Amino acid sequence: LKDFYKNKGFFEAQIESAFASVDISNNFSLTFSINSGKKHKFGDFEIKTSTATFKDQDINEIKAFSSKLLKNETYSTDVVNKLNRQVTSYLESKKYSNFEINIQELKKSDDLISIALQLSEGQKVLIDKINIQGNTITEEKVIRDSLVLAEGDYLNSTKVKKSVDNIKSKQLFSKVDYKVVDSEKKNFKDFNLFVKEQPTGSISAGVGYGTNGGLFEASINERNFLGQGINLNFTGTLGTEEIKGEFSYVDPNFKQSEKELAASLFSVRDDYSNSGYQNTRAGTRFATKYEIYEDLFFRPSVGIQYDKLEITGAASNLLKSRAGNFTTSSVGYNFLIDKRDS
Numbered sequence: 049l050k051d052f053y054k055n056k057g058f059f060e061a062q063i064e065s066a067f068a069s070v071d072i073s074n075n076f077s078l079t080f081s082i083n084s085g086k087k088h089k090f091g092d093f094e095i096k097t098s099t100a101t102f103k104d105q106d107i108n109e110i111k112a113f114s115s116k117l118l119k120n121e122t123y124s125t126d127v128v129n130k131l132n133r134q135v136t137s138y139l140e141s142k143k144y145s146n147f148e149i150n151i152q153e154l155k156k157s158d159d160l161i162s163i164a165l166q167l168s169e170g171q172k173v174l175i176d177k178i179n180i181q182g183n184t185i186t187e188e189k190v191i192r193d194s195l196v197l198a199e200g201d202y203l204n205s206t207k208v209k210k211s212v213d214n215i216k217s218k219q220l221f222s223k224v225d226y227k228v229v230d231s232e233k234k235n236f237k238d239f240n241l242f243v244k245e246q247p248t249g250s251i252s253a254g255v256g257y258g259t260n261g262g263l264f265e266a267s268i269n270e271r272n273f274l275g276q277g278i279n280l281n282f283t284g285t286l287g288t289e290e291i292k293g294e295f296s297y298v299d300p301n302f303k304q305s306e307k308e309l310a311a312s313l314f315s316v317r318d319d320y321s322n323s324g325y326q327n328t329r330a331g332t333r334f335a336t337k338y339e340i341y342e343d344l345f346f347r348p349s350v351g352i353q354y355d356k357l358e359i360t361g362a363a364s365n366l367l368k369s370r371a372g373n374f375t376t377s378s379v380g381y382n383f384l385i386d387k388r389d390s
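According to my numbering, the sequence shown is numbered sequentially starting from 49.
FYI, nobody ran anything at the bench for these hints, they're computed from the structure.
Bear in mind that the values here come from a model prediction, so they are computed numbers and not experimental data.
Treat the hints with care, since some could be wrong.
As the list claims (entries may be wrong) - Derived Cβ-Cβ restraints for the label pairs, each shown as a range:
id, residue 1, residue 2, range
1, 281, 97, 45 to 51 Å
2, 67, 381, 45 to 51 Å
3, 379, 122, 39 to 45 Å
Said to hold, decoys possible - Simulated pairs of lysine to aspartate or glutamate, EDC-like, Cα-Cα distance not exceeding 16 Å:
id, residue 1, residue 2
4, 234, 201
5, 237, 318
6, 307, 193
7, 244, 187
8, 54, 64
9, 142, 176
10, 244, 213
11, 292, 318
12, 177, 232
13, 292, 319
14, 143, 106
15, 189, 299
16, 387, 213
17, 189, 199
Yeah, the Cβ is synthetic: ideal placement off N, Cα and C, and Gly gets one too.
Let's have the full structure, built from the sequences with the hints guiding it.
What follows is the structure, given as structure tokens:
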């Protein structure tokens, strides 16, 4: 709750008390007393550096786009994290391989938070080995695909945090932790990563009844098929007038291309005997998704659907005119914005 309020601009939000109660119906309630304080905006921005490693031109460029990002913006931890990512990306594009970023948040007035960006030369320590432990189900390559550092890279705290966040975002593990230890080689460290597997499969079912009759639906989902991080899902629906089945496959990193591949198959049979017709539909769809700009994803898709409309009784003239078999092809696309930290 405190982080939520802070992300909305309430820099000094405090959870003053929490109270739990159970009513006569055994319903459990939690009541929080929250002092949100004032809503803050970003104030001054400065860059501090104590080394000649960084060129003046690059420092000025960072100051320009950072000031533009923060100007007149309500304080938000999301914006601070975005600033960190943008500075990291810029320095990497300028071939800086060994640096550390530290962002200090300073309250200098009642409603303004000043940001001080500390740039320093990273410790000249290289990564010797990356050891992964605890993945009894998940293949190691699934975890390594999420890392933004590799053996031989400089040890960088920003990249370490990003790597851990990437692994957590997969939601395959109940716990992700790491430890940096001395290596057998001088000026090298080993990066030990610890994960704890969690259940990734689920089964659900539901029953309903309405004016059109009864309905039963069941689904089976596995988010880590064969330990490869692949998402499989099957949903079946059985109703008075409809039978439906759908199978979907999603590989979030197809062939280590950093592109998602999704495929689905479906079949539906509608039996409206009271209206004098039956309709059968079956089809498939393929899609991919990839990032085209920071937080912006493009998702093109193609699909094909087969329809068979059969007249079984006193259907309307409009339905009779549409009786028969026909195939429909479709092409579509979506733009998706994802601003989550991981």
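ask   = Among all the numbered hints in the text so far, which are the ones the structure does not match?
value = 5, 9
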